[in-house]
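Colleague: Sequence:
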Amino acid sequence: MNTVVAQLQRQFQDYLVSLYQQGFLDNQFTELRKLQDEGTPDFVAEVVSLFFDDCSKLINSMSRSLERPENVDFKQVDSGVHQLKGSSSSVGARRVKNVCISFKECCDVQNREGCLRCLQQVDYEYKMLKTKLQDLFNLEQQILQAGGTIPQININ
11 MNTVVAQLQR QFQDYLVSLY QQGFLDNQFT ELRKLQDEGT PDFVAEVVSL
61 FFDDCSKLIN SMSRSLERPE NVDFKQVDSG VHQLKGSSSS VGARRVKNVC
111 ISFKECCDVQ NREGCLRCLQ QVDYEYKMLK TKLQDLFNLE QQILQAGGTI
161 PQININ
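All residue numbers for the sequence shown refer to our numbering, where the first residue is 11 and numbers rise by one.
The set of hints was computed from the structure by calculation and includes no laboratory data.
Accuracy of the hints is not assured; some may be wrong.
Below, in silico cross-link-like pairs of lysine-lysine (DSS-like), each with a Cα-Cα straight-line distance of 27 Å or less [unchecked claim]: (1) K140 x K114; (2) K95 x K114; (3) K85 x K142; (4) K140 x K95; (5) K137 x K85; (6) K137 x K114; (7) K44 x K137; (8) K140 x K67; (9) K95 x K142; (10) K95 x K67; (11) K142 x K67; (12) K44 x K140; (13) K137 x K95; (14) K67 x K85; (15) K85 x K95; (16) K85 x K114; (17) K114 x K67; (18) K142 x K114; (19) K95 x K44; (20) K114 x K44.
Across the chosen pairs, the derived CB separations fall in these ranges [said to hold, decoys possible]: (21) S59 x G157: 21 to 27 Å; (22) Q21 x V119: 42 to 48 Å; (23) V14 x Y134: 31 to 37 Å; (24) I111 x Q23: 26 to 32 Å; (25) Q151 x E123: 38 to 44 Å; (26) K137 x R20: 24 to 30 Å; (27) E48 x R74: 16 to 22 Å; (28) T50 x S89: 45 to 51 Å; (29) D145 x P79: 35 to 41 Å; (30) N121 x Q151: 41 to 47 Å.
For glycine and all other residues, C-beta sits at the position ideal for the given N, C-alpha and C.
Could you put together the complete structure from these sequences and hints?
Modeller: As structure tokens, this is what we get:
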């Protein structure tokens, strides 16, 4: 194996481990990665891309629902939070999921200010994760273009 591939693989491994250590990802992301193989080399990137599209739509919808202080439909906001929590759980987006837990509590007590803070936080976490996973997928592409294979990493 050439040194460029080995260096990229090490960089990939270190970066992925850091995403778990920093709490961006949980074990569900590991399970998702196990479903990817030679027949579906872009499986994880495609699933995550759909997740990010859904995040954007849900965040925009919840933002519109919260913008009128006198007429907030907390059931609609709660429905969006529930969807976001479910999809973030399914891809292993740990920080996004954790903010959704607080967000739901604010919806339950109809705390608009709390919901707005959680909305800002979930938007921030989703954008941070999107950037970090794009970097990870770019590293994967560099490894493959250099003739290497993506290392399987056990995170425990």
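Colleague: Next step is simple, just say for each hint if it's right about the structure.
Modeller: A quick look at each hint next to the structure:
no.: 1; hint: K140 x K114; result: holds (22 Å)
no.: 2; hint: K95 x K114; result: holds (9 Å)
no.: 3; hint: K85 x K142; result: violated (32 Å)
no.: 4; hint: K140 x K95; result: holds (16 Å)
no.: 5; hint: K137 x K85; result: holds (25 Å)
no.: 6; hint: K137 x K114; result: holds (20 Å)
no.: 7; hint: K44 x K137; result: holds (24 Å)
no.: 8; hint: K140 x K67; result: holds (14 Å)
no.: 9; hint: K95 x K142; result: holds (19 Å)
no.: 10; hint: K95 x K67; result: holds (14 Å)
no.: 11; hint: K142 x K67; result: holds (20 Å)
no.: 12; hint: K44 x K140; result: holds (20 Å)
no.: 13; hint: K137 x K95; result: holds (15 Å)
no.: 14; hint: K67 x K85; result: holds (17 Å)
no.: 15; hint: K85 x K95; result: holds (15 Å)
no.: 16; hint: K85 x K114; result: holds (10 Å)
no.: 17; hint: K114 x K67; result: holds (18 Å)
no.: 18; hint: K142 x K114; result: holds (26 Å)
no.: 19; hint: K95 x K44; result: holds (22 Å)
no.: 20; hint: K114 x K44; result: violated (31 Å)
no.: 21; hint: S59 x G157: 21 to 27 Å; result: holds (25 Å)
no.: 22; hint: Q21 x V119: 42 to 48 Å; result: holds (45 Å)
no.: 23; hint: V14 x Y134: 31 to 37 Å; result: holds (35 Å)
no.: 24; hint: I111 x Q23: 26 to 32 Å; result: holds (30 Å)
no.: 25; hint: Q151 x E123: 38 to 44 Å; result: holds (43 Å)
no.: 26; hint: K137 x R20: 24 to 30 Å; result: holds (27 Å)
no.: 27; hint: E48 x R74: 16 to 22 Å; result: violated (43 Å)
no.: 28; hint: T50 x S89: 45 to 51 Å; result: violated (31 Å)
no.: 29; hint: D145 x P79: 35 to 41 Å; result: holds (38 Å)
no.: 30; hint: N121 x Q151: 41 to 47 Å; result: holds (43 Å)
In terms of the numbered hints stated before, the structure departs from hints 3, 20, 27 and 28, listed from lowest to highest.
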